[in-house]
Amino acid sequence: MGPGQVEMEALGQEMAQARFARLYREEGRAILAYALRRVDDPEDAADVVAETFLVAWRRLGEVPLGGGARLWLYGVARLTLANLHRAERRRTRLGRRLAETLRTELSTHAAPAGEAAEVLRAIGELGEDDRELLLLVSWEGLAPSEAARVLGISALAARSRLHRARRRLRHLMEEREMEGLG
Amino acid sequence: MNAREIERALAAADPLGREAVERLDFEAMEGDLLADAEDDPAAAPYDPRRARRRPPRLVLAGAALTVAAAIAAAVVLVGTGSDRSSRAYGAELIRFAESTPLLLLEGPGWRVQNVYETKTREGTSGQMEFVTGKPIPYWSTRSTGNIEEGQRIYGLPPLSVLERRVELRWRSLQEESLADAILNRRGYLHAHGRHFIRLPVLDTTAFVDTRSEIYLNRGGPHEREVAAVWAEGGDLIELQGWVPSLEAFEERLGWVTKVDSSTWLDAMPAKVVKAADFEGTAREMLQGVTVPKTFSISRIPNEGLTTSREQVAGKVMNTVACLWMRQWGDAMRTGDAAAQAEAERAMAGSRHWPVLVRESKEPRAAVPEIWQIADEMPQGYWDFRGHHRDLLAHAEGLGCARLGLPLKPEKQRRQREHGVPPPPD
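Quick mapping for you: the protein sequence lines, in order, are chains A and B.
First residue of the first sequence? That's 1 in the numbering used here, and the numbers climb one at a time after it.
First residue of the second sequence? That's 183 in the numbering used here, and the numbers climb one at a time after it.
Hints should not be assumed to be uniformly reliable.
As the list claims (entries may be wrong) - Sample of chain B residues facing chain A (criterion: CB under 8 Å; computed from the structure):
id	residue
1	D196
2	L198
3	V203
4	M211
5	H377
6	E558
Claimed, not checked - Some chain A residues judged to face chain B by a derived CB distance under 8 Å, without partners named:
id	residue
7	F20
8	R29
9	L32
10	L94
11	L98
12	A116
13	W139
14	L142
15	R164
16	R168
Note that these hints are calculated values from the structure, not bench results.
This structure is a prediction, so every number in the text was calculated from the model and none was measured.
The beta-carbon is built from N, C-alpha and C at its ideal position, and this holds for glycine as well.
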């Protein structure tokens with residue numbers, strides 16, 4: 001390897017690290033919010049964030065530029081969540097630090113009550129794909145076409161499923177309401 | 183329940199307030215993430231470990247050095263391992279040594295070149311120079327430009343010399359907390375971009391500023407100044423060095439070792455003056471120096487520091503000069519022409535004080551401050567670009583108040599009222 005190549009590699013590494021750090025700064029909070037909404041224990045969310053970004057580091061070349069990066073990260077976070085087993089918790093430095101930060105600074109992870117609790121229960125009865133689609137649009141604020149990219153389905157399929165999911169959720173909630181009245 | 187009501191109910195069920203996450207200081211955790219990435223066993227796009235495995239550019243020379251280093255390391259371990267703590271130091275010296283962080287850089291072929299220690303309000307602060315190869319003399323630099331647009335520095339030794347030196351600095355955490363030090367480092371002008379990581383050191387993790395070059399004309403892919411900060415006991419520790427790569431710095435950081443006070447004192451080179459040798463060294467340095475009637479050896483404050491000969495020399499010479507300047511100032515106020523003339527003659531004679539003569543002959547050395555003051559005494563003022571300035575106020579810059587010998591009457595009054603020398607600056 002000639003000196004020129006060495007320099008290029010060093011420069012490439014610097015650039016990769018700079019991009020990676022920027023990705024974390026710009027999207028880290030969104031990924032943490034995504035994870036926190038889907039776990040009971042905030043410490044699990046910390047691990048999901050750490051693992052998601054490690055995957056991003058390993059596959060930095062695949063991370064789309066611009067707004068697509070967040071969708072790509074949501075996709076990774078979703079798979080990381082699916083594989084999250086407490087017994088196999090992998091404590092990275094970031095995971096430890098973030099978990100500690102969440103323990104001391106995040107106090108809003110309280111159990112929902114009232115109508116919110118009813119909605120969450122109803123959401124829990126939806127199929128996993130429908131539920132994720134609905135939440136990506138409602139909680140993460142994605143357009144149906146963006147949620148489609150996260151889930152790896154077509155935009156058309158996403159719109160159709162979204163319509164179905166909302167109908168199903170409404171049905172479930174109306175059922176609960178009727179049960180409550182009865 | 184229509185679609186809009188469903189959406190509203192869903193939004194209301196969001197368990198997370200947006201502001202809760204916005205508040206978190208994600209940037210503070212960036213170093214941890216980058217350290218995780220570097221430690222990640224899976225292949226990374228630009229894996230630093232891949233670079234680490236890269237053979238050195240001068241393969242043969244590198245290999246020979248490695249072998250020599252291994253032998254040197256073995257000799258050090260076998261040769262000094264048994265008697266490391268056998269050398270007896272007085273309890274007082276041990277106590278003084280223990281006021282420092284007792285850290286050494288135990289790299290093969292590396293040694294302590296010099297130590298500087300200063301008493302501060304909060305404790306002691308100091309720095310140690312570790313070098314490998316030939317001794318590295320002092321250098322003086324000049325810089326151009328300004329902080330806003332960037333500066334350029336001239337006069338630094340070649341990189342091959344800079345890379346043979348590592349500086350370890352410490353100061354009390356009460357003086358600067360670790361959080362502040364990190365914040366300050368983040369805020370520096372980084373001529374070649376900011377890149378911070380975390381690396382293990384001793385039993386903690388250091389915050390590492392991997393591109394701490396502040397000058398536009400220094401730094402490149404194989405020329406980087408790296409600095410690590412961490413907390414050790416009650417001190418903030420800073421390790422700084424010029425290295426060809428981040429891996430080289432990581433290696434140096436790995437050599438940092440906490441030792442006991444005897445080992446630490448043993449590691450001091452002959453030129454470093456230990457607290458117990460202070461008085462003898464001071465007497466040696468006073469050979470050929472004309473001292474005033476008010477002088478006695480106890481006038482030179484021995485703060486129990488382990489420090490460089492230059493620092494001791496500064497203290498000894500400045501104590502003598504401050505006493506002469508006090509006599510001169512008092513004589514000016516009282517109109518004692520003989521005492522004034524005696525002080526002027528003695529200070530003019532400082533051109534022959536052996537320590538100052540040696541100092542002035544160092545490469546690129548500036549004219550000793552004492553000589554500059556002596557030159558201005560006959561005219562009675564400090565000539566600053568054509569303006570007449572108070573020479574006593576200027577001479578205070580020798581650290582007279584710190585030595586317990588303030589020159590200005592108001593400072594002397596304050597000293598009398600408080601009964602003790604003013605605290606260190």
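- [ ] Using 8 Å as the Cβ threshold, decide whether E558(B) counts as touching chain A.
- [x] 52 Å, violated
Task: Given hint R29(A) near chain B, where the shortest CB pair must fall under 8 Å - done: 5 Å, holds
Open item on the list: Given a cut of 8 Å on the nearest C-beta pair, is the interface hint for M211(B) held or broken against chain A?
Closed with: 5 Å, holds
Task: Interface hint compliance - H377(B) to chain A, C-beta minimum distance less than 8 Å - done: 6 Å, holds
Open item on the list: Quick check on the hint: W139(A) CB to chain B CB, less than 8 Å?
Closed with: Hint on W139(A): holds, closest Cβ of chain B at ~5 Å, below 8 Å.
Open item on the list: Using the nearest Cβ pair, does F20(A) come within less than 8 Å of chain B?
Closed with: 7 Å, holds
Task: Restraint outcome when L142(A) is required to lie within 8 Å of chain B by C-beta distance - done: Violated - the Cβ of L142(A) stays beyond 8 Å from chain B, reaching only about 13 Å at its closest.
- [ ] Using 8 Å as the Cβ threshold, decide whether L98(A) counts as touching chain B.
- [x] 6 Å, holds
Open item on the list: Just to be careful: measuring from the Cβ of D196(B) to every Cβ in chain A, is the smallest value less than 8 Å?
Closed with: 5 Å, holds
Task: Hint status (Cβ of L32(A) to nearest Cβ of chain B, threshold 8 Å) - done: With Cβ-Cβ at 6 Å, under 8 Å, it holds.
Open item on the list: Next item in the hint list is A116(A). Is there a CB on chain B closer than 8 Å to its CB?
Closed with: 4 Å, holds
- [ ] Identify whether the interface hint at L198(B) stands, where standing means a beta carbon of chain A within less than 8 Å of its own.
- [x] 5 Å, holds
Violated hints, in rising order: 6, 14, 15, 16; the structure is consistent with all others.
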